[in-house]
Each structure stands twice: as structure tokens, then as C-alpha cells.
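Q: From first to last, the protein sequence lines are chains A and B.
To convert, note that position 28 of the first sequence is 117 in our numbering; the numbers rise steadily by one, no gaps.
To convert, note that position 26 of the second sequence is 32 in our numbering; the numbers rise steadily by one, no gaps.
Since the hints were made in silico from the structure, they are not lab data.
Ideal Cβ placement from N, Cα and C applies to all residues, glycine included.
Check each hint, because a few of them may be wrong.
Claimed, not checked - Looking from chain B toward chain A, a few residues come up when the C-beta cut is under 8 Å (computed):
1) Pro185
2) Glu187
3) Ala188
4) Arg190
5) Thr191
6) Met192
7) Gly193
8) Thr195
9) Glu198
10) Tyr202
11) Pro206
12) Trp283
13) Leu286
Said to hold, decoys possible - Distance windows between CB atoms, simulated:
14) A/Ala122 with B/Leu14: 51 to 59 Å
15) A/Ser232 with B/Ala179: 27 to 35 Å
16) A/Glu355 with B/Pro182: 38 to 46 Å
17) B/Lys201 with A/Gly98: 34 to 42 Å
18) B/Ala179 with A/Gly98: 30 to 38 Å
19) A/Ala197 with B/Ala179: 23 to 31 Å
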Amino acid sequence: MTPKIAVRGLYKHYGRGARRTLALQHVDLDIAAGEFVTLVGASGCGKSTLLRTICGLEEYGQGSIVCNGRDVDGPGADRAMVFQSYSLYPWLTVKDNIRFCRRLKHHAAATSSDVEIASGRADALIGLMGLAHVAHAYPAELSGGMQQRVAIARALMARPDVLLMDEPFGALDAQTREVMHDLIRHVHHLEKTTIVFVTHDVEEAIYLGERVVVMAPRPGRIDSIVDVPFGAKRHQDLKLAPEFSALKRQILNRIRETSGVKTDLEQLEKLTRTT
Amino acid sequence: MRDDLPPLDGAAGPTVMRNRRSPWDVRGDLRRRSALALAVAGFVLPLAVWILVSLNGWADPVFLPPPWQVLAQLGEWYRDGDLLGDVIVSIGRVLGGFCVAALVAVPLGVLVGTYAPVRAFLEPLTEFTRYLPAVAFIPLIMLWVGIEEGAKVAVIWVGVFFQMLLLVAADVARVPDAPIEAARTMGATNEEIIKYVLIPAARPAILTTLRGAMCLAWTYLVVAELVAANSGLGYAILKAQRFLQTDKIFAGILLIGLVGLLTDQAFRWLHKRCFPWHHLRG
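Using the sequences provided together with the hints, build the complete structure.
A: Written as C-alpha cells, this is what we have:
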């Protein structure tokens with residue numbers, strides 16, 4: 090089976106001349122249709138850069154990215170993105186934010202039945218995301234968690250093949266995050282969308298992903314890919330299971346070993362011993 | 007888990023606010039009433055000093071006419087002269103220059119703030135031109151436009167247009183990347199991003215820029231009415247200068263200030279009215 094997204098020998102640089110730094114070094118990654126993949130790593134490992142490059146928002150010169158059998162050259166409606174900063178349109182109500190893509194020529198409805206289906210989908214997404222009571226509110230009136238639900242609904246509205254999520258829950262509190270985790274897994278189950286999800290939270294990466302791609306910094310690269318053996322049905326209690334903790338420890342160790350955090354920790358230990 | 011919930015209101019008796027920020031703390035809050043009182047005092051205090059100085063004869067009335075004399079002058083201007091006509095003519099000129107400037111500067115500013123080549127082409131030129139004093143253009147404007155109404159509008163236009171263009175461009179450039187990128191990932195074209203993201207997002211800032219530009223337009227009024235005018239507030243001030251009618255100069259200045267204050271309040275009201283979402287506190 091051909092993968093939904095195929096990244097081959099991808100290199101990416103930032104800056105010019107003496108300040109030119111390697112952001113991604115030879116990234117190879119295949120993501121199957123309907124898969125939920127999480128990218129995890131210390132800051133500076135290039136996980137967001139990789140996601141944004143797949144999205145078509147960052148330039149790349151060397152290597153290739155193929156999505157749906159087409160070379161990625163610029164953003165497209167087949168790859169929707171959810172950002173950490175919710176990037177909602179503050180002048181539009183929740184409902185109009187979700188329906189935003191309907192204004193674009195790209196999604197212009199051909200027949201009246203299309204319009205009906207679309208408005209039905211907007212309502213269904215509002216229901217699914219639990220936004221019915223705030224459908225006519227402005228984003229500024231909503232909590233961070235609610236705003237991110239709107240952003241996810243807006244991204245899903247256009248029925249993208251691939252949903253790219255760049256640390257979407259990074260600014261939310263722990264309780265809201267747990268709810269969002271189950272919500273996004275439910276959405277994935279319902280819509281069968283391929284999801285690539287970037288996070289620095291290892292627990293989040295394991296709980297959500299079917300595969301966890303561990304990345305390492307300086308230069309940004311894929312360190313290892315870990316299969317998550319917990320099946321499709323997951324529950325918050327899973328996070329307390331010993332297998333879960335073991336996997337978390339394994340991935341955390343990889344991140345520490347590759348990121349310099351380990352030497353930092355060792356130094357800190359030495360300091361505390363001497364004083 | 008406790009079942010005996012405490013009463014909704016705490017202990018009986020008068021409440022004393024704690025942790026309250028004083029108005030004199032950094033970003034402290036001031037009650038509406040006090041704010042209004044202070045604003046009124048801001049006007050009344052200088053007026054009181056003016057009255058005091060006039061009553062005691064501390065200043066020569068030629069330099070500083072007493073307020074009642076200015077008021078009487080205003081009444082005379084209203085009865086014998088054409089005060090309303092002067093006000094309307096001046097408002098017309100200011101609005102004319104302002105509107106012509108806005109009609110060109112807003113669309114062009116959106117383009118400069120959006121497209122890097124347009125910015126590279128126009129921004130340095132505009133930054134050069136905006137330093138040129140509008141007064142220096144008067145001879146040229148008289149030569150090119152003539153000495154009719156168009157010339158007065160043109161002086162105001164020169165004074166306002168270049169500033170407005172750069173400020174609108176900056177307003178558009180200040181729209182964050184995230185909403186633009188979000189639109190891109192939904193398949194929006196460049197035109198659609200301008201229409202559905204950049205312009206709606208920049209609208210409140212652009213209206214604030216227009217508010218500032220309107221103030222600037224009023225400051226160019228007197229300069230504009232240097233050009234062969236025979237009516238208008240600026241002209242009245244200039245004529246009064248020729249006859250050393252200090253009271254009329256004062257009357258003219260106060261009128262311009264009053265009209266400006268009203269315009270500014272109108273803009274403020276319009277902003278709240280047009281962009282309720284912008285004034286939400288989440």
C-alpha cells in the first residue's frame with residue numbers, strides 16, 4: 090500500500106551564510122492513510138519544522154515530500170493545520186469561524202444539496218465539539234480549550250485527508266488536555282483522518298499515537314520510531330498501567346540521551362552533592 | 007466532602023476591600039466618575055487661570071484677551087459674520103482632503119502591507135515624501151491646481167496622504183502570521199487571504215489610523231487656507247492676525263479644537279460600534 094504521506098531524504102536549512110544551520114537532517118518517514126502518528130522530542134529537534142514543511146508552509150530544497158501521490162509544493166486544502174496559538178478569526182463568531190472555508194472558491198458548493206450537506210456538517214462538528222451553546226459567541230469570549238475545539242472543527246470542516254497538529258494543546262491546563270485527548274481520538278475514530286501530531290509531552294504522544302516518532306536536536310533528525318501496542322480503544326486509566334510507564338520511560342530516556350538534558354541533569358546532581 | 011456549604015455571602019457586616027489597586031498604582035483603575043471629573047477639571051482649571059489672569063489685569067488684552075471678550079467675539083461672529091458658514095467651509099475642505107487621501111491611501115496601504123515587491127517599490131519613496139513640508143508645496147499646488155477649492159483640498163491631501171499610506175501599510179503588516187497560515191492551509195488564494203483575513207483583521211487598526219489622520223488633516227487647515235481663501239476658520243484666524251484681533255484668533259482656535267474633539271469622539275463611537283468583537287475582554 091502506498092503511504093498517505095511519504096517524506097524521503099528531506100533536508101532543511103534555516104538562515105544564510107555563516108548563520109546557516111541545519112534544521113532537518115535526512116528525514117525519511119512514511120505515514121499510512123488513517124494513521125495517527127505523533128512527533129515528540131526536545132525543543133529544537135525540528136518536529137514543528139517537519140510538520141510545517143509537510144504542511145507546505147516552510148521551504149525545502151533537498152528531498153521530497155509526497156502527499157496523496159502529489160509532490161508537496163505549497164499549502165493545500167488536503168492538509169489542514171491546527172496551530173498552538175488558536176489562530177481563530179476574532180471578528181467571526183464560532184459558527185462563522187468553523188464555516189470559514191465555505192467562503193473560499195476552493196470549497197464553493199456546486200449544488201444546493203452540497204450546501205445542505207455542508208451546513209449539516211458545520212452543525213455536526215459544532216455538536217461533536219460541544220460548542221452548541223457558544224455557536225454565536227466570539228472567540229475572545231471562550232476559554233483556551235474551547236477556542237482550540239473551534240480551531241479543530243474549522244480544520245475538519247473541509248474534510249481534509251490529513252490533519253496536522255502543531256502542539257495544539259500546549260497552552261491548555263492538564264484537565265482540559267485530558268478531555269481534548271479523548272475528543273481528538275474520538276474524531277480520529279469517526280473521521281478516519283490521517284493525523285500527524287507534534288508535542289513535547291511524551292505521555293500525550295503515547296496516549297494519542299499509534300506510532301511515536303522520536304526526534305533529536307542539533308541537527309534535527311528522526312532518532313527512532315516506536316510502535317504503541319495499546320490498540321485503538323484507550324482510556325485515561327491506561328496512563329497508570331505499568332506498560333505505559335515503561336514505554337514512557339524508554340522514550341524519555343532516548344530524548345534525554347540525545348538532547349543534552351542528561352548532561353544538564355548530571356551536573357545538577359553533582360552540584361547538589363557538593364553543597 | 008463537606009455538605010454544610012458556607013453561606014453565599016461571607017460574614018455579615020460591612021465589607022472592606024483588600025488588595026485593591028490604587029488609582030496611582032501602575033495600570034491602576036480609576037472609577038468612571040472620577041475619570042469624568044478629572045477630564046472636566048482638565049478644561050476648567052486652565053479656564054480658571056485664564057479668568058484669574060484677565061481679572062487681575064496681569065496680561066495685556068492684546069496678547070491674552072479675557073475669555074468673556076472671546077465669547078462676545080464669537081457671538082458677534084455668529085451674528086454679523088458668517089461663523090456657521092466658515093465652520094462648514096472648513097469642515098468641507100478638511101473632509102475633502104481627508105477622503106481623497108483615504109480613498110487612495112487605504113487600498114494602496116493594503117497592497118504595500120501585503121506584497122513585498124510593492125512595499126520595496128513604494129515604501130522608501132513614501133518615507134522620503136512624508137518628510138517634505140506641506141507648506142513648501144503651496145507654490146507648486148497654486149501652479150498646478152490653481153487657487154480654487156481644489157488647491158485647499160490638495161494642501162491637506164499632501165499633508166495627510168503619505169503618513170496615512172505608511173500607517174495603513176503598517177496596520178496590515180502587523181496582522182499575525184497564524185491566521186494567514188490557517189487560511190492558506192484551507193486552500194485560500196492570495197486574493198481571498200486579503201479579502202477574508204488581512205482586511206477584516208486590520209480594520210480596527212485602520213480606523214484608528216484614520217482617526218489620527220483626521221486630526222492631522224485639521225492641523226493643515228490653516229496652512230491650506232493660506233491659499234487665496236476668503237472664508238473658513240483658518241482664513242478667519244489669518245485675517246484676525248492681520249488686524250491684531252487676538253480675541254478672534256482665540257475664538258477660531260477654540261472652534262477648531264471643538265470640532266476636532268467632536269470628530270474624535272465620533273470616531274471612537276464608530277470603532278466601538280463597528281468592531282464589538284475588538285472590545286471584548288475574554
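Q: Give me the numbers of the hints this structure contradicts, sorted from smallest to largest.
A: Hints that this structure does not satisfy do not exist here, as all of them hold.
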